[in-house]
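Asks: Residue-level listing of the chains:
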Amino acid sequence: MTALPLHRSAGEPEPGPDAVPLRALPSALATDAELVIRSLVDPEQFAGLFDRHAVAVHRYLGRRVGDLADDLLSETFLVAFRRRADYRPERLDVRPWLIGIATNLVHGHARAERRRYRALARSAAEPEVADDGDRDGRLDAQAMRGPLAAALAGLTAPDRDVLLLVAWGDLSYGEVAAVLDVPVGTVRSRLHRARRQTRAALATTSLADLLSDPAPEETR
Amino acid sequence: MKELTLLREAGPQAPALTPAACSAARAALLEEIDSARTVRGRLRCRLPGRRTTLRLGTALVAVAAAWTTAVLVTPDSAVPDRPAAPTAAPVTPGGIALVAAEEVTFPLSLDPAPEGLTPFLSRRGGIAAYGNTPPFYVADYSSTGGDRVLVHLFPEDPRSSPDYGWSVQGDPAGTATVDGVEAEVWRGDSSVDLLWERPDGRWVQVLGEGAYGGTAAAVAVAETLVDRPQPVGLQFGLAPAGWSVGGYEESRSLDLVSDTDPDQLLRLGLVGREYPGTLDELLEGMSLTAPPEPVTVQGQPARLALAGGDGGSPYRYLVGQLPGGPFFILLAPETLTREQVLQIAEQVTSTA
Numbered sequence: 001m002t003a004l005p006l007h008r009s010a011g012e013p014e015p016g017p018d019a020v021p022l023r024a025l026p027s028a029l030a031t032d033a034e035l036v037i038r039s040l041v042d043p044e045q046f047a048g049l050f051d052r053h054a055v056a057v058h059r060y061l062g063r064r065v066g067d068l069a070d071d072l073l074s075e076t077f078l079v080a081f082r083r084r085a086d087y088r089p090e091r092l093d094v095r096p097w098l099i100g101i102a103t104n105l106v107h108g109h110a111r112a113e114r115r116r117y118r119a120l121a122r123s124a125a126e127p128e129v130a131d132d133g134d135r136d137g138r139l140d141a142q143a144m145r146g147p148l149a150a151a152l153a154g155l156t157a158p159d160r161d162v163l164l165l166v167a168w169g170d171l172s173y174g175e176v177a178a179v180l181d182v183p184v185g186t187v188r189s190r191l192h193r194a195r196r197q198t199r200a201a202l203a204t205t206s207l208a209d210l211l212s213d214p215a216p217e218e219t220r
Numbered sequence: 001m002k003e004l005t006l007l008r009e010a011g012p013q014a015p016a017l018t019p020a021a022c023s024a025a026r027a028a029l030l031e032e033i034d035s036a037r038t039v040r041g042r043l044r045c046r047l048p049g050r051r052t053t054l055r056l057g058t059a060l061v062a063v064a065a066a067w068t069t070a071v072l073v074t075p076d077s078a079v080p081d082r083p084a085a086p087t088a089a090p091v092t093p094g095g096i097a098l099v100a101a102e103e104v105t106f107p108l109s110l111d112p113a114p115e116g117l118t119p120f121l122s123r124r125g126g127i128a129a130y131g132n133t134p135p136f137y138v139a140d141y142s143s144t145g146g147d148r149v150l151v152h153l154f155p156e157d158p159r160s161s162p163d164y165g166w167s168v169q170g171d172p173a174g175t176a177t178v179d180g181v182e183a184e185v186w187r188g189d190s191s192v193d194l195l196w197e198r199p200d201g202r203w204v205q206v207l208g209e210g211a212y213g214g215t216a217a218a219v220a221v222a223e224t225l226v227d228r229p230q231p232v233g234l235q236f237g238l239a240p241a242g243w244s245v246g247g248y249e250e251s252r253s254l255d256l257v258s259d260t261d262p263d264q265l266l267r268l269g270l271v272g273r274e275y276p277g278t279l280d281e282l283l284e285g286m287s288l289t290a291p292p293e294p295v296t297v298q299g300q301p302a303r304l305a306l307a308g309g310d311g312g313s314p315y316r317y318l319v320g321q322l323p324g325g326p327f328f329i330l331l332a333p334e335t336l337t338r339e340q341v342l343q344i345a346e347q348v349t350s351t352a
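As you go down the protein sequences, you meet chains A and B in turn.
Here full-length UniProt numbering is used: position 19 in the first sequence is 19, and no number is missing along the way.
Here full-length UniProt numbering is used: position 352 in the second sequence is 352, and no number is missing along the way.
Derived from the structure by calculation, the hints contain no laboratory data.
Please note that a few of the clues may not be correct.
[To be verified] If you want the ones that stay clear, here's a sample from chain A, every Cβ over 10 Å from chain B, calculated:
| hint | residue |
| --- | --- |
| 1 | Asp32 |
| 2 | Arg59 |
| 3 | Leu61 |
| 4 | Gly62 |
| 5 | Arg82 |
| 6 | Asp93 |
| 7 | Arg111 |
| 8 | Gly154 |
| 9 | Tyr173 |
| 10 | Arg195 |
[What the hints assert, rightly or not] If you want a taste of the chain A side facing chain B, the calculated C-beta under 8 Å gives, among others:
| hint | residue |
| --- | --- |
| 11 | Ala30 |
| 12 | Glu90 |
| 13 | Val94 |
| 14 | Trp168 |
| 15 | Ser172 |
For each residue, glycine too, the CB sits at the ideal point set by N, CA and C.
With the hints as constraints, model all of the structure from the sequences given.
Replies: Encoded structure:
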């Protein structure tokens, strides 16, 4: 966040008569980590984290387990609240911490997750009718959706976790390592394997050409 | 990284978060928060009225007369730790007695301690606020370089309850011998887990990573485990008589609970050194019933406040700073007097 300048530079023009005077801003909003710390002694502070991150956590869960996301969103924040004393801000930001908790909850619904991917793979085999000018793009996406879902269903749970934490959770390698409690090297190897298997699954489709130039490993 | 791009753009999409689902999840969280306030010792909405407080105070005085030392860790205990044998201790007339607290310890040590690794010690379970299992212990010896030894001491096979957080997947890849006892072994890409049952029926899990990520290295460090208690980094010097350890987390949060009323909780928490704010900023956002009182604790500026006045009875909230060290927060029920809270704060210590 960039602080608003409180003083004009010497070269700036004088404000016009209609200029709205700047008012002193209140102290910056508490950071996520500060809210967790404060919630140890003032539990209500934790509700602010829900307001900030519920949508992101639900989006991640929804992509993995569909409609179960509503229930798991609630569980994620309940678990996070109960374990807030475990949170170590020096290791992890709050958002990836919440995503990690959500991931652990998904494990309890692994069958539902796989069923969802398989169902999506089957339903994607039935082409949609595009009704606007971006028909080619929609057909490409349609073509990808089924094989991608099938590829996800075929991954082992640990490999899928890493892949989806990076792809849908937007976590860095270090954050994934922290939330899964594994070394970064393990994250890299799991991601490498997941990418390879996904690429192999997609290679049987018309997307193979898109993936024929394997990119170097990410270095984040 | 086209697989990731494809997953983001063409992978399964999430259903929208409806206002109803969002409201329901938020309401569940608020209910949990409210419940936690109750667990925290009648600190807010369900604090007893003045008359009840007086009765409670009388009861605790009676307890204090019987037990004059507050804290003792008993690793094998399945209930909150019990007070030790009586010793001389200061008593505050008309209220809860404060007594000299025994050192809070973690039951195991690594001997020799792994070079370059710092232990973070936890005790979980045992009381409702710490989970539904009997107490179990976690020592996380870790470094910023990726070397790590994680030791769990469970009262039973950790696979017997999901509340122990057993997260190792699959069947063991083999076995190894730790001090003559057969241990199951799980191998990861650069980590290894060992699990074995001790002769006393408790179970130990050792996770090795980095330099300890091989079976031989993990077994070697597992064989340095000894039944020698080590002090938790955070300590009370004074504590209410008849109170015991409720739990502690990673050497930076330590709870005492009343033996007669587990809802009564005294929490000491460290604020990480990385916290960039000031003492007063730690009080921002608190529901204070009056401006915080500037006080001096351990020779350092501190603030003492009553918080939680929004519909509930206040509780005492002290923020201070250890000499040359981090900020700390002390949360206390109002059944402890202002002077007692200051006395307790004066004698808290930390090795952090």
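Asks: Hint by hint, say whether it matches the structure.
Replies: We went through each hint and held it up to the structure:
1. With a closest Cβ-Cβ approach of about 13 Å to chain B, A/Asp32 is found to remain outside the 10 Å limit, as its non-interface label requires.
2. Residue placement check: A/Arg59 does not keep its beta carbon more than 10 Å from all beta carbons of chain B (closest about 5 Å).
3. Taking the minimum C-beta to C-beta distance to chain B, about 7 Å, the non-interface status of A/Leu61 is violated against the 10 Å cut.
4. With a least CB separation of 3 Å from chain B, A/Gly62 falls inside the 10 Å interface cut-off, contrary to its annotation.
5. Against the 10 Å criterion, A/Arg82 falls within the reach of chain B, whose nearest CB is about 7 Å from its own CB.
6. Every CB of chain B is more than 10 Å from the CB of A/Asp93 (nearest about 12 Å), matching its label as outside the interface.
7. At roughly 15 Å from the closest C-beta of chain B, the C-beta of A/Arg111 stays outside 10 Å, upholding its exclusion from the interface.
8. For A/Gly154, the condition that its CB be more than 10 Å from all CB atoms of chain B holds, with the nearest at approximately 13 Å.
9. With a least beta-carbon separation of about 12 Å from chain B, A/Tyr173 lies farther than 10 Å from that chain, consistent with its non-interface assignment.
10. Here A/Arg195 does not stay apart from chain B, with its beta-carbon only about 5 Å from theirs, under the 10 Å limit.
11. Interface restraint check for A/Ala30: the shortest CB-CB distance to chain B comes to about 6 Å, inside 8 Å, so the restraint holds.
12. The criterion of a C-beta within 8 Å of any C-beta in chain B is met by A/Glu90, whose closest approach is roughly 6 Å, and the hint holds.
13. This hint is violated: A/Val94 has a C-beta 14 Å from the nearest C-beta of chain B, more than the 8 Å allowed.
14. At about 7 Å, the closest approach between the beta carbon of A/Trp168 and any beta carbon in chain B falls short of 8 Å, and the interface hint on this residue holds.
15. Restraint check, A/Ser172 versus chain B: the minimum CB separation of about 13 Å is more than 8 Å; hint violated.
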